[in-house]
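Chains as they are written, first to last, in this note's numbering: chain A, 6 to 479; chain B, 6 to 479; chain C, 6 to 479; chain D, 6 to 479.
No lab work stands behind these hints: they were computed from the structure. Take these hints with a grain of salt, some might be off.
Mimicking PhoX-like on lysine-lysine, the simulated pairs with C-alpha atoms at most 20 Å apart in a straight line are [claimed, not checked]: (1) D:K85 to C:K338; (2) A:K85 to B:K338; (3) C:K132 to A:K64; (4) C:K363 to C:K379; (5) C:K85 to D:K338.
Being a predicted model, the structure only gives us computed values, none of them experimental.
Protein chains: 4
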Amino acid sequence: MERKSFQSDGLNDKPREACGVFGIYGPGLDVSRITYYGLYALQHRGQESAGIAVSDGCKIRCQRGMGLVSEVFHEEDLEKLTGHLAVGHVRYSTSGESSIENAQPLVFHSRQGMIALAHNGNLTNYKELRRKLAEEGVVFQTDSDSELFVCILARSSNGNLIEGILKTMDEVRGAYSLIIMTEKQLYGIRDPFGVRPLCLGRVDGGYVLASESCALDTIGAQFIRDLDPGEVVVIDDNGITAFKQLSPSRRALCIFEFVYFARPDSVIDGLNVQKARLSLGRELAREYPLDADLVIPVPDSGTSAALAYASVRGIPFCEGLIKNRYVGRTFIKPDQAMRDLGVRLKLNPVREVLEGKKVVMIDDSIVRGTTSRKIVQMIRDAGAKEVHLLVSSPPILYPCYYGIDTSRRGELIAATHDLSEIKEMIGADSLNYLSLDGLFAAMAPLAPQDFCVACFNGLYPIEVPFCQKERVDS
Amino acid sequence: MERKSFQSDGLNDKPREACGVFGIYGPGLDVSRITYYGLYALQHRGQESAGIAVSDGCKIRCQRGMGLVSEVFHEEDLEKLTGHLAVGHVRYSTSGESSIENAQPLVFHSRQGMIALAHNGNLTNYKELRRKLAEEGVVFQTDSDSELFVCILARSSNGNLIEGILKTMDEVRGAYSLIIMTEKQLYGIRDPFGVRPLCLGRVDGGYVLASESCALDTIGAQFIRDLDPGEVVVIDDNGITAFKQLSPSRRALCIFEFVYFARPDSVIDGLNVQKARLSLGRELAREYPLDADLVIPVPDSGTSAALAYASVRGIPFCEGLIKNRYVGRTFIKPDQAMRDLGVRLKLNPVREVLEGKKVVMIDDSIVRGTTSRKIVQMIRDAGAKEVHLLVSSPPILYPCYYGIDTSRRGELIAATHDLSEIKEMIGADSLNYLSLDGLFAAMAPLAPQDFCVACFNGLYPIEVPFCQKERVDS
Amino acid sequence: MERKSFQSDGLNDKPREACGVFGIYGPGLDVSRITYYGLYALQHRGQESAGIAVSDGCKIRCQRGMGLVSEVFHEEDLEKLTGHLAVGHVRYSTSGESSIENAQPLVFHSRQGMIALAHNGNLTNYKELRRKLAEEGVVFQTDSDSELFVCILARSSNGNLIEGILKTMDEVRGAYSLIIMTEKQLYGIRDPFGVRPLCLGRVDGGYVLASESCALDTIGAQFIRDLDPGEVVVIDDNGITAFKQLSPSRRALCIFEFVYFARPDSVIDGLNVQKARLSLGRELAREYPLDADLVIPVPDSGTSAALAYASVRGIPFCEGLIKNRYVGRTFIKPDQAMRDLGVRLKLNPVREVLEGKKVVMIDDSIVRGTTSRKIVQMIRDAGAKEVHLLVSSPPILYPCYYGIDTSRRGELIAATHDLSEIKEMIGADSLNYLSLDGLFAAMAPLAPQDFCVACFNGLYPIEVPFCQKERVDS
Amino acid sequence: MERKSFQSDGLNDKPREACGVFGIYGPGLDVSRITYYGLYALQHRGQESAGIAVSDGCKIRCQRGMGLVSEVFHEEDLEKLTGHLAVGHVRYSTSGESSIENAQPLVFHSRQGMIALAHNGNLTNYKELRRKLAEEGVVFQTDSDSELFVCILARSSNGNLIEGILKTMDEVRGAYSLIIMTEKQLYGIRDPFGVRPLCLGRVDGGYVLASESCALDTIGAQFIRDLDPGEVVVIDDNGITAFKQLSPSRRALCIFEFVYFARPDSVIDGLNVQKARLSLGRELAREYPLDADLVIPVPDSGTSAALAYASVRGIPFCEGLIKNRYVGRTFIKPDQAMRDLGVRLKLNPVREVLEGKKVVMIDDSIVRGTTSRKIVQMIRDAGAKEVHLLVSSPPILYPCYYGIDTSRRGELIAATHDLSEIKEMIGADSLNYLSLDGLFAAMAPLAPQDFCVACFNGLYPIEVPFCQKERVDS
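The following block holds chain A by itself, in its conformation from the complex (with noise of 0.2 Å):
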């Protein structure tokens, strides 16, 4: 399940990834250290809580909790998960729905046995589906969209699990990277449009997959490739089989794993994230020119467009701000009268860099702005003559049907306000934000259509329901 959202808490003014995914089948390998370490390395992509299931050949067992890899595995821990195939999920933590029961790998108990399963994803015809098996007398154990397609699987797989899955993919709508396991096989699916990615790979004679390559990397494994959309990989005995739907459609490839959310040493469908992201660095300078004294990045996710845009342009390039890296799960957030610290705690800028200087500061996105006006500030009150902030992505004008609460699109600043009135919201001396096309320019080799952009032209790859549009644009 994923819950990609748009909002901000104060100190994170990001869109939010919401999960990761791993698998592993390796006769003979440690297979829970293995994910592990292999969720370890996807740990970006979600820090509210973690589980990994492990089964024997026989049983399924399963381990979750809240935080990070970390915090939920102990070594006593790993020991008990014995077998030799493997998922595990990681979470990503959003305000207020943080509880165990939506931890993830789910685990059922069904005629074919125990299946374990890790979503990274969300259905969009999710209300319609679970409406009509409720009135059907199924009963949920959770209020995600994740059970949903264990239970459409049971009802559709009669002996034959393959089959019930492709059955499953003509029922269920939206964004679905799964990764299934029975008692003795691992499933890896993504969805017909590849929204979220998925990749497979090769470790000492077991198998693995993974939502990024750099989780094959940290474990040593080698890629064999991405999964395509609409295909269906089955691990076991007899090695890897793979299934097609029978109709593929077009790809629409989330375009922000490339601007924000994937980690920069993952290959992606083919495209290297930090390569990507250097490229739109270059396509900033192209499309906005500026001189300045220096170019800094808002760290993390903008350091590198900042340092292909400062090569360009030949503008020194450096670390204005200081990031704190250490911001846990159950860090204590300022109350009413510290609330000033703000983003402070997070960020601090270096004021011997900044005095006297004409900055342009490189940020990803922005999505309701209220960190920005904050770091703006922050650079001035440090001494910067002057702060020229370039967004490496779009103006984000529609919300992402696949997965934000739809409430919020009176969040997104870009979707109410001109740029004008943006730039004077966040108060920097101009704003500018890089074209579509500029965009798409930098995932070459990668087509504009394969990518869904919808959060910034606003058009669906994937159908979504009226009831749910409605809602969002009243």
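Given chain A's structure and the hints, the job is docking chains B, C and D onto it.
Below, chains B, C and D alone, put in the same frame as chain A:
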């Protein structure tokens, strides 16, 4: 107490800073909460344990625990720690000695009432003093040198604590930045050589003391000044009163604060850390003007030097190694079978930017060299054609008698091997260290004689007891 | 869910009761806190896990955890569980199956909204029902029979939950005292045979349901009545409404509630537990009028019978064995080297009162006999001249098909050995069990036909599926 | 350290014993595990905190924590505590002072090496000694009297620890049963009056020390003898060596050990606790030969006396009050709204046995009387016709200067009210206390002069500093 160690744990081959201290005297302020945020800003100086002691004028309450500040303290803890003056401490994780007994602040009951103490540094005549006291029948609650200061203080002061502190400073030798809190007063103390930093700031009618100025910035305090070597400040209802030892020694600020320990946004004794690190890169470029396709840092502390080097040399800079930032206190280390994973869990190269390139890699220091070897190999495996390693500080040839376990000199790669041997061991195509002169040049306007560089040249500014010294050299 | 087990763990050789349930409908009352105290009063029925689900009319919140009620819930937990109706559950610790997944109340999302369920008992046609549902594509979150009730209920009810409950009761077989909570209503359900107790009370304008009347006493509620076998009560804004199945079965209250399970101060179906136990002692005295110097109980459940026996026989009664009451959930069991300590950790004889005495020792039941052997030996070691063991219930000859793991019949000492053999194995000078007639006599005014005594005579009141039965007898 | 308190917390109105101590010298034995079980047997003497210190001959390791022995220690903890001698401690929970700092054993570093200390008792000249030491510049880690013993010991001993101990015993006044462990030796010390018990046993080639003999029984050790008042035993490789102070004082064993504190199966200074309690009941029967329908105890400590009373008087005995045994450390106390629940959470009357009866209820002691009032009311509410309260010890008229907070004399109901007033306040039909002569008679063969009964007659065997005394009487 400080245990500055040049040891390595396989994932980290850096000198180990031991502690950060923070104190506040702030009637009307939420001092426990401010101390929490102050320690949070100093978290890079110690992640093993954290503690806060608060006084309400009558009684000192203290809470300490293992882990990050955010792990040790929760909302309800801060609510219980009520008062108007506080002292806090973070301590580094050194393998094997990690226990709650060593957490600070230490709290004592004395004839003057309760006393809390937070210590950054290390006493050199610790054993001698301890033996003397023990012979007089003193018992100790810890095995640490920090406790000693209070024991001597309690014997030296006769109603007048400041007199006792000055007397104690005459007896103890070594490095110490101390914050001492009685029920009613806050004391800041910096040793006569000023080995460790300690600065003073003002906030909303109160005063703060902190290891680094970044803590003042974070809580919104104004920097007043660094404490002078040998200075004691008393903060209470009468404001600040400063005392100085009669015969000030020469200064001997640990130069590693600039090379590695301190946060880039801090200013220590007038010099901004990031500016110093940029200068290190420029000095490196002057001494070793290599040609290459790419300059990459070993993140994070090598970044500034690498940026400056690349800029001077006109070579593209890129983040060629991506660091996983989620290693927590309880992270499970790879077992024997997965030892190969090694640094890969923490660092992953970006093949797409390294492939086919002649790479200059910049690191801030090398202790054992084991990690460097793995990183160089990793860069090569990712396709780099050549790897030239530049180190932004001179070879570490001598143990730090002010904190490091002296038996470890044999582990310092540069103490036992010459440059070409180290190059071979590390596997780099070339290896060069910044010269001591270059290091000093980068510290301008601070003068060479302001620093302790004993680890580089063996000239120890503070007398080291013979007994200790011998053990090392043998 | 109940796992009534006649198993032994070396420290305890008693049948295992599995659960206690508690519910309250109390507008204006602090229902989570009252449930906490209610469960606390029922703690003897289960110490493995505890849980409370609360509804505020709109949403059900639930917290469950391992351990005692006082370990699972803290002040802040209760404060979060706000509402006006609640259901709680305590579960027994059975070795090896102790996991949070099995903790109750279970909470489900259904078409009627959220449903919470707390179950004491065991369904006999569990496998058959589960297989049927699974074949229809139902997936389950647990491996328990309790979940099954809700699954069938969700399919059976079409808007009218009470109708669905009655239909579900027609489908399921076995022992169940259930409390079901929807967002707005509380349901109490007792199976058609009334195997497990369930009673109703009134408190400050609200109503409560509880496994035993001692829970009503503890929270200051007035006992109204026991639920009839096959009865369903609905509690909501309209007060209490009662429903009955059309064809009530014969009663079959588990007689072990009086022999061992229930708290002495409880009244079940009109009979006070302590009075019943005193009668057991009098019946024993009638059947086995031994002469001795001393009567001692095996604490705690043998005490009442021993007191009555001693009184009738005119023999001094004394607590000859002192029980350590602090064995907690996480108590470390003796390892192999200390196995001898055995029961001594829990029971210690008082040599001063036993020395040289001919002792009658009274226990309530014997399952495997291993503990009895150790106790007899301990009494002898403490100087007793003779040890005559009287058991206040008949020999356990048959497994309990309503909950016990059926493979265990071989472990029932009385199922595989005759009286003299058991006496030898236990090492007593004499051994006698109360007759079934004596047991019945002690239950007056309840009639023999009101009870299930299948474990004594093999006459199972509720049909046991052949497949299960056979497995046992083979 | 002991805080014997006659205070009440609403749920418990008993004097508070503070500690249990246990030590073992056992080469080849698993001493940490044996200490665990030994402390477990002494758990009734203290449930607030537990600790175990173990030495392997070179180094002392210690673990302490809040809660029961079984809560503080887990398997992996014991595995880390390796060695061949150990000392353990359990401490009572007294509201408000519950903190980890007060947990024992205390561990110190001294010139002789490490020292661990476990203390049961209270020093009377604590303040005077502490002031003296503080003036000499000693700092303390706790606010307790226990630490003082070690501080004086460290100054008194000059290589010869036993000499130092004897000197220290000359300086300190008060009640103390102490176990001190150095890296190589175990010391058992009982104060010159023998106020607190301490006994010696033998186990598998090793020796044990324990507060009560029940701990020896539990771990399978053989009782050797009680330590004499003023005796010190040293246990090491040479076996046991005993030392005595030159001028032994009179004995003054706290009589409350027999009345309430100790476990019934323990034998203290030759007298079995349960036998003593039975004698108390017989003495009560002699002094107050009431006629009644029923004798009931206030569980658990009133049980033996009630049994004996009923037996002598020929009146049926019954457990009329059922005690809930699951109150844990973190049990949530009823808030204001539920204050009525009061003792009902802990005790529930059995209406069926009380109804219409004239009841004699036997309790061991009354401190404030608040709980007694509630219990009497509860018995009446349950239908008893008359309630006659007999107390198996005399009225508590004087504070215990050897541990109780001296400001509390005003709270002792018998210190401020006469018998008829107390009877009225408690609401009993009659109230009678055992006479001091009766109490002494029950202690045979121990003589009256062997006991401290200061709380009954104000004759303090150990000098109480005037300053303390006055504060109390005022």
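Checklist entry - Among all the numbered hints in the text so far, which are the ones the structure does not match? => result Violated hints: none; all satisfied.
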